[in-house]
Every structure is written in C-alpha cells, then in structure tokens.
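2 protein chains.
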Amino acid sequence: MTKLKQLSALALGGVGHIGTNMMVYECNGDLIVVDAGVSFPDEFTPGVDVIIPDTKFLREHAKQIKAVFITHAHEDHIGAIGYCWDDFGGAPVYASPLAAMVVQGKLQELGIKPTQGQLVVTQVREQYTAGAFTVEYVPVSHSVPESFALAIKTPHGTIVHTGDYKFDDAAPYGQKTDEARFAELGKEGVLVAFGDSTNINKMDDSGSEGPVLEHLQKLIDTTEGRLVFAAFASHFGRSFAVAAYAASKGRKVCFLGRTINKFMACAKQLGYWPASLQNMIVDAEEVSGLPDGKVFIFASGTQGEGGSSLTRLSQGADVRGIKLKAGDTVIMSSRMIPGNERGILNVINGLAMLDVNVISELNDHGIHVSGHGSREEIGKMYRLLKPRYVVPVHGEPLHLRAHEVYAKEQGYTPLRLKPGHKLILAGEGVDAAHSSSAVHPHGFNYIDGLNILDNDPLILRERKAIGHQGLVAAALPLRKNGQIAGTISLSTRGLIDEVKQQKLLQLARNKAMQTLETIFPDRRIDNKQQAAEAITKALRHTFKMERGKTPTIVVNWVDVQ
Amino acid sequence: MTKLKQLSALALGGVGHIGTNMMVYECNGDLIVVDAGVSFPDEFTPGVDVIIPDTKFLREHAKQIKAVFITHAHEDHIGAIGYCWDDFGGAPVYASPLAAMVVQGKLQELGIKPTQGQLVVTQVREQYTAGAFTVEYVPVSHSVPESFALAIKTPHGTIVHTGDYKFDDAAPYGQKTDEARFAELGKEGVLVAFGDSTNINKMDDSGSEGPVLEHLQKLIDTTEGRLVFAAFASHFGRSFAVAAYAASKGRKVCFLGRTINKFMACAKQLGYWPASLQNMIVDAEEVSGLPDGKVFIFASGTQGEGGSSLTRLSQGADVRGIKLKAGDTVIMSSRMIPGNERGILNVINGLAMLDVNVISELNDHGIHVSGHGSREEIGKMYRLLKPRYVVPVHGEPLHLRAHEVYAKEQGYTPLRLKPGHKLILAGEGVDAAHSSSAVHPHGFNYIDGLNILDNDPLILRERKAIGHQGLVAAALPLRKNGQIAGTISLSTRGLIDEVKQQKLLQLARNKAMQTLETIFPDRRIDNKQQAAEAITKALRHTFKMERGKTPTIVVNWVDVQ
Chain Y
1 MTKLKQLSAL ALGGVGHIGT NMMVYECNGD LIVVDAGVSF PDEFTPGVDV
51 IIPDTKFLRE HAKQIKAVFI THAHEDHIGA IGYCWDDFGG APVYASPLAA
101 MVVQGKLQEL GIKPTQGQLV VTQVREQYTA GAFTVEYVPV SHSVPESFAL
151 AIKTPHGTIV HTGDYKFDDA APYGQKTDEA RFAELGKEGV LVAFGDSTNI
201 NKMDDSGSEG PVLEHLQKLI DTTEGRLVFA AFASHFGRSF AVAAYAASKG
251 RKVCFLGRTI NKFMACAKQL GYWPASLQNM IVDAEEVSGL PDGKVFIFAS
301 GTQGEGGSSL TRLSQGADVR GIKLKAGDTV IMSSRMIPGN ERGILNVING
351 LAMLDVNVIS ELNDHGIHVS GHGSREEIGK MYRLLKPRYV VPVHGEPLHL
401 RAHEVYAKEQ GYTPLRLKPG HKLILAGEGV DAAHSSSAVH PHGFNYIDGL
451 NILDNDPLIL RERKAIGHQG LVAAALPLRK NGQIAGTISL STRGLIDEVK
501 QQKLLQLARN KAMQTLETIF PDRRIDNKQQ AAEAITKALR HTFKMERGKT
551 PTIVVNWVDV Q
Chain D
1 MTKLKQLSAL ALGGVGHIGT NMMVYECNGD LIVVDAGVSF PDEFTPGVDV
51 IIPDTKFLRE HAKQIKAVFI THAHEDHIGA IGYCWDDFGG APVYASPLAA
101 MVVQGKLQEL GIKPTQGQLV VTQVREQYTA GAFTVEYVPV SHSVPESFAL
151 AIKTPHGTIV HTGDYKFDDA APYGQKTDEA RFAELGKEGV LVAFGDSTNI
201 NKMDDSGSEG PVLEHLQKLI DTTEGRLVFA AFASHFGRSF AVAAYAASKG
251 RKVCFLGRTI NKFMACAKQL GYWPASLQNM IVDAEEVSGL PDGKVFIFAS
301 GTQGEGGSSL TRLSQGADVR GIKLKAGDTV IMSSRMIPGN ERGILNVING
351 LAMLDVNVIS ELNDHGIHVS GHGSREEIGK MYRLLKPRYV VPVHGEPLHL
401 RAHEVYAKEQ GYTPLRLKPG HKLILAGEGV DAAHSSSAVH PHGFNYIDGL
451 NILDNDPLIL RERKAIGHQG LVAAALPLRK NGQIAGTISL STRGLIDEVK
501 QQKLLQLARN KAMQTLETIF PDRRIDNKQQ AAEAITKALR HTFKMERGKT
551 PTIVVNWVDV Q
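Protein sequences, first through last, are from chains Y and D. So the first sequence is numbered by the numbering used here: it starts at 1 and just counts up by one. So the second sequence is numbered by the numbering used here: it starts at 1 and just counts up by one.
One chain only, chain Y, in its complex shape (with noise of 0.2 Å):
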C-alpha cells in the first residue's frame, strides 16, 4: 500500500467466502491485521487440511504492520495464526487470555516460541495503539468467550469491526454484548461498520441460550438411560453448564476428546470451570463400571468429523471402554455446517442403526441457537452504531449481497469490499463512488500435509481428476539411442478391475505400440514428448470408448543401461 494520507482496508479472507477470517487496515500508511483465520477442506480441495489466506501482501509489506488483533478464539479467526505467524514482521498479537492460550497452543505444535511482549493479553475495553490505529476491544455475545468487536479510532474517523456476534442477555459466563459502550461510540460518531454476515438471511430471533440450557436439562431430567452429549468444544459455557447440571442430578462426568480438554485445561485457568464438575469427573475407562444412568459423557464431533468420539462410538467402535448400545440417549447440541450434512447423517444412522435415541436439529429445534445475530440483530447494532458506511464481511457472496440490500433498506450506505481489493474509506484518493482497486491476487494457501500449496494448485486439480476418472501408469523401456527396448507395461488405479479385466488392458497396450509404431517406424524415440502425448492419446480414446471413462495417464520412460 501506499503512504497517502488516508484510511483503507484489504481482505485476505472472509469476504466471499465462510471462514479464513483476515482483514487487513491501513491508515496513512501503517497497517493492522484483524485475525488469522481457517477455514475447512469441501470437494474442490480433497485431501488437503486446513485453507489459510494467500499471506504473500503481509510479507511484502512486513515492515509497515503495527500490530494483529484477534477477535475470539474459534478457528476461523485464530486458526492460522501459527502459519502466518513470521508474516507478521514481528509486530505484536493482542488477544484475550483465552485466545492467548490457544494461540500459545498452536505455536507450540508448529514449534514456533513468540519472542518477548509479542503476545499480548488484552484487557476488557482497554485501548491499545497501534501506528495511527487505538484499538479497544468492546465485548459481544457469541458462542465462545471473550468474543470481541473492535473499536479502530483513527485520524480518518472510527472503524467498528463487530466480528462475530449476537445479542444474547443470557450467554455464558454473562458476557453480554456492551450495548451502552456501542451506543457511546454511536454517539461520538462511527464512520463506518464492517458487520457480520453470517445469518443476514434468518429472520427469525437468533435465540438465547438461556433457554437453551433450560431445555437441555429438562432432557437430563427425563433421559433415564445413559447420557451422551455433543456440542462444539470451544462452546464450553454450554457443555460445562449441562454437565455441571447432570452431575447435580447425581451422573458422573467423562469428557472425551483432545479439542474438549484443552478448553476443559484453559478454563481451569481462566476461571471459566464449575467447582461442582470438579468431584464428578470420571476417566472414560471407568465410565462401563457405571449404572446407565449415572453417566453423562461428553464427545466431540458434532460436524461428522472422520476420527471424533461420537463418529467413531456412532460406527459402534469401543472408545475407550464406551460402546453404545440400545437405550442409551445422544444430544447433539449443534446445527449442520453446510457441506458437512452427509457425515453428520452418517453418524445419525449409524447411532439410529444401533437403537439409540439421537436428539438433533432433525427432530428438536431447542437444543441448539446460533452464535451469530439474525438479521433483526444486526440491525440493532447499526442503530446502536448510526455508522455513515456498511461494509458486509465474513460471508459468501449470497449473504454480502443480502446484507447490503438490507443495510440500503435500513437508511445506511453499504460499500462493496471485494476479495483483494483495497477499498478507500477516507482521506486523499477516496472518491464518491468508493471504488476499489486490486492490489493483491486473492486467493488461498493449503495446509497439505508438511506442503503449503499455493493459489489454485495443479495438485488439487489432478487430486480431483484421478480421483473421479481413475490413472492408468504406462511404462516403456528405452535405450540410450532411444530404441524401445520391450513392451509398454501398463498398471492402472481407481478405473477397471485388472484381474477380470486382462483384454482390455492387452487391448490398451495395442493400441499404444500401434501408435508409437506409427509415429516412430524405426521404434526410436527422438521426442519423448511426441511419444509421450500419443501414448495418452492412445490409451485415452480406448479407456473412452471401451469403458465410457477418461483417466488420467501417467508416462514413465525407464531408462535401460
């Protein structure tokens, strides 16, 4: 960026799509990060791990970052921030004990040790300044605690980032949304709201969770059998409460999964644990020595995930001495994140399957509500705010339209921010129409293993391919003089049953020497790579026309000495 006078914003990540949560700000040439998050693996990227944003913009411009700060601890905003981690030019990452922990947590896995003051601890709306940036973190309610919006004051005006957030007076722990402190800055005078997207396109409240636990423990009270409970491991508030509640009506507690008791681990530290928990935990191991109805068990796996508790007990496995069985009773306290719906059925029927009672969103809409403010909510916020421009994030391209829609109907202004554009908000170069200009390739990075594959990877287009048509391998011995020295051997995966299937592969490899024959009469290849195209084009057209499939074909010239 340059160092015009003026105050802009570039998005890494979040806008256009859910997740990888990173918004970069700039004022008069000094430039904030606003969280480093993940999001998660669909059809389009098999096999990878986690996607984090393209960081490439914060390397090039390492020098001028003043300082990260990290919204609330879910992994969409905070999941990368081991990866991007040196990309930061060493500038320092405010987060609140709990995202400070976790944040701790995920350098330690990567081996990476924040050098002195790096990580700093937030305080609740404390101001930190940061280069032409004071950042004051003003709480909201959301599925996790200490969930924050910040409040960026800048010499252009003030930017209100709301991250994630509903208005809920009942949320754990009582961290309520600081409706007064959101009505001051209002009042002093808001220049423009990056909100939230997520669920502009529910009309209905969002929910409390009062409720919600009201509900949750009427089930405890009228479940006789054994109790299995799943819910997101960072909603601990939730989980805890309900299982603090069975423990009161007499069930001992066991909590299965590493994600649960890391969280189970920082809230002991941060104050977030029960002391009524504390006598009535049980190691899983003891849970079968157990009456059926003195067990509550916690699982992680709300989402389908492969290895999870609940997929692995749903598939009738032994989990540490816990097998399922007909009467027990499973809650599943979550909603379905879209494209995860297959595998969270799965895990449905197979519990189904195993006669157990399952409680979900499928036939229960009290056991769950969103973290995320309906639309209603947002439009609170913006009265609250009266901020002169909107700028829709953290959402796909259906739910920012929707949302600029209604923050127009509203009386506001909504700016279009667009993946990798900088968007001008104030001072010189901004123009009246806010137009924006590209400034950075946008795209994602992807955690593949010990690889960090780049902007859309040939890998992941070759994954996609080969895993829906198949490969055949052929290989063909040449000599020095680039005489073929055998018969080309062919070997294919994921395309024809090889054993019942001899003909055809004879067919193949005909056809392939018929070809190569052709083109190189002498049987000598001087150009490998004509050979290697006609081979393809070969066994293509007969793996097409024999079987009705393109595969994938991979040419190996072996070398004979």
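Since no wrong hints were added, every one of them can be taken at face value.
Below, computed lysine-lysine pairings styled on DSS-like, alpha-carbon distance capped at 30 Å:
1) LYS63/D to LYS106/D
2) LYS511/Y to LYS464/D
3) LYS503/Y to LYS464/D
4) LYS480/D to LYS511/Y
5) LYS56/D to LYS153/D
6) LYS544/Y to LYS262/D
7) LYS549/D to LYS500/D
Derived list of chain Y stretches under chain D, where covered just means 3 residues or more per stretch with a C-beta under 8 Å from a C-beta of chain D:
8) 353-362
9) 398-411
10) 481-492
Partner residues are not named here, just some residues of chain D that face chain Y (Cβ under 10 Å, in silico):
11) HIS399
12) LYS464
13) ALA473
14) ILE488
15) MET545
16) GLY548
For the record, the hints were derived by calculation from the structure and aren't laboratory data. Where is the CB? At the ideal position from N, CA and C, for every residue including glycine.
Please arrange chain D on chain Y, whose structure you already have, making use of the hints.
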C-alpha cells in the same frame, strides 16, 4: 425364496438409504417387484454416474417373477428400469401412461426393445393380476403427476405399498390422494402398510401447491426485469402453471434443459400441456431480442448440477444466447437435497456476484412445498388404512427408526425390514416376533461409464485414496534373468510440484533403490512381489516423513528385451 405358503417382503433398495427403491414381495412362491430406482453419487462414490440396486436376487429367481409395478415417474423409483430390464425374466412391467413414456425413453437410450405386451399401461383404480397377487393403482398426491400407491391383495391379506405421497387438495391436474378408496381398503382390512418415511421428522404440515402457486404468481406480478424460474423438471405441473401465468402477463416463455423438454413432449401427448402456453413459447436464441419484462425462462438445475442451464448461467456463461445480468431475477422453486448444498450455494453465490436477485428457500419459504407428507399426514394415512402392521420404508435409518417410534405411539405394530433380509408377513414360517433372515447380500451396483461396478468395489476405494493422498507411479526395467537394467523412474500426480521438488524425487528414488539393493544385493529380482512391497514401503515412508502424505504407490515392472 422358498415355495412355502407364505407372504414375505425383501427390499433390494430404499430401506436404510434414500433412493434406489426396489421392493420384492413374495406370495406362495410368486414374486412381484415394485419400482426400480436409482440414487446419485456422493463423496463415497466419486466418478460414479448413478447407483442402482444389486439385482442378483432377481436374476436367480427370474422364473418366479410375475410382474413389475412402477409407482411413479421419479428417478429414485424408475431410473434403474433400463439397467434391470433383463433381470425381470420377461415379466410384464406395469406403469401409468406418463411413467410408461419415461420407461420407453430410458429403454431407447440403452438400445433395449421391449417385447410385445411387456410394457403395460395402467389405468387408475384398475386391478392387475400377477400370480398370487392382485394389484390396484390408487391415486396419491405427489410432486409428479400420475403417482400411485399400490393396494396388493394376496390370499394372506392385503399389503398397501404407499409409494411417495402427501395429502393436497390443490395438487396439479387435480390428482388428490384417494382418501375414500384408502378408507374402503381400511374397512376391508389391511394386513400391512409399507409406508414412506421421508418426512417423518417434519412436524409441520407439508403444505399445499395452492399457496405456492399464488405466491409465485405474486412474485411474477412484482418482478419487472427478466425472470428465470428453476424447478424439478418432473414437477412440470407447477412449472407449466407458473409459465402459463407469466404468459398471461405478456411474458414469452423459453424452456431450457433436456429433461424439461422431454417432459414437455410427454405432457403434450397426455393432455397436461396448457393450451394458453402454445403461442407464447420462444427459442432461447430469440430471448435476447425481447424486452426484459417480457421474458420468462425455465432453467434446469435446481441442485447445482454441473452442466445444467442454471449452473452455467450462474457462472456468467452464454447459454444459447442468454446471459444473466444485474437486475434479472432467479426463482429457485425447490429445496436443497441433502448432499447437494455446496453445489447449490455455489450457484446462488455465482448469481449474487452477477448482481442477480435470487429468491430461494434461503430467503423465502413460500416458493416450494415437499411432495412427501409430514408426520401428521403419515398418521392420517394409517388412520384410513388401520393396518395390522406398519413397515417403514423409503428412508435412512434415522427416518425408519423415527417412523417405528411414531407408529408405536399411534397404536400400530411396526415391523423392521432390514436391507437384504426377508421379512415373513403371514403364512407358513411366520413367527410371533416377525424375525427376518438374510437372503441377499445387500448392496448396490454402480454405473461408472460403461462399467457396472459390483458391491463395495475396490475401484471406488482406490479412487478415494488417490483423490485425497495422490499417487506415485514407479517403473523399473528388468532383464529376462531378473537383473535390474537401470534405475527406478518416478512420476507423481496430486502429490507434489515435481518441477519445484526435484530433490525430493531424487531422495525417494535413492531410498527405493537402496531398499532394493539391501534385499537383493546382486540386483537380481527373483521375487517381484517382495520387491514391489519393498519399493512401496520405502516410497510411502519417504513421502510420509518429508511431506506428511501417504500416496498410493503403483509399481510397473518393465521387461527389457
């Protein structure tokens, strides 16, 4: 099955999963088949075209098959008819006029010619005798015209096979569920109802087509620009009614999509085509010449299908001269079928990015109702039929179990039909517990190009592996005596960037050769299997350690002449 004097049922599909419906009833040694449906591939069946029932049982009992009865023209009930045609042993196939036309189309595509009288067109409430069975077609409301339940009379009692149904007095073409006839059957005595479970977890009313049409008409009234309407092609009753209304308001109508045009041809022959539409139809190529407010386009592809008109339009493509633009309106009058969410959201996002106004279930609940009755309607059907037993079918385990619980609550006796198990309903061998026995290894066949893959195919597991973790093709030249005639050659797909990671490839080659030379110090491979396993292990280990991935390894031995 045996020649015992008994009545039994065997599900070859549709029990334990959605789609692939196929039921076999047996009475005193005679068999009838109900429906022959497909289901569609998901992440576990990559590259597959459609999934059909495993019909080995039918082939083995072809002589006993007296008839095949089709309930309605939806793909999940009729889509496999061509693939299974030869498994019916020449038995007559009964289908309504519309369903018979669809069957004929499918046979034609596969080059199958039915023999004289093999495809029988049914009449409403007519009875058809097939061995020990007499089958009557009883009309029901559903989301395609000519949908029927089957009243199946046998010497052991009456089975009512509900098929897909709801209760709707405003169903297209006046096809109401024939309550009077179901009540009569109930009076005469119903032994067992095989009931649809699809919407057993829907507590609210399934809703009527009447309000949907009114709502769609209002949307047409208030839309000024171009209008694109997408709905399931088979639900042409709704589409034609909406198109006729648009035409009455002066809009010219264009039908985009192969399937809707097929249904249009059938509709014209069968009297379902509204006369008022006839002179309002335009070709796609004419659309761009019309004023925006004078256009109504039917586009196929409510489920985000790859090549469909709507998907291509959402990508900004020019579809036969039509390109969407800001200000156009798209109405998606359908619901998301589980598993298709991501693809559908991509379409909606694409439209949003074109600044097209999208009306879908996400922001308007009035644009669609399901063709399947909710829980209350399922109860209503049973109150009419008063069946001695209820067998929940057409559902995943989660639906079937919920249906069992509901049936019991309502005072009926549910029986559990397990996939591939024979459930004896009456006669010799029936026991008090109605226990069932496995007679058929339950599974599916997969149409994969021109291949038909068997149950649990290795090929699909291979695809899943290479599609997530990539592949290494290794080749090694051997002389006739087994002597290694060169070095190992490696190529990869979906794994690493070969250009950038030459060093890693070299390392992998070295590791593989070292391993080989340790096992075969004289470089003579006298055990190819052992050698291939050693290469596989060495390469896998290298890529696991260096890149965190576990690729599939293919070893090609190349014989040098």
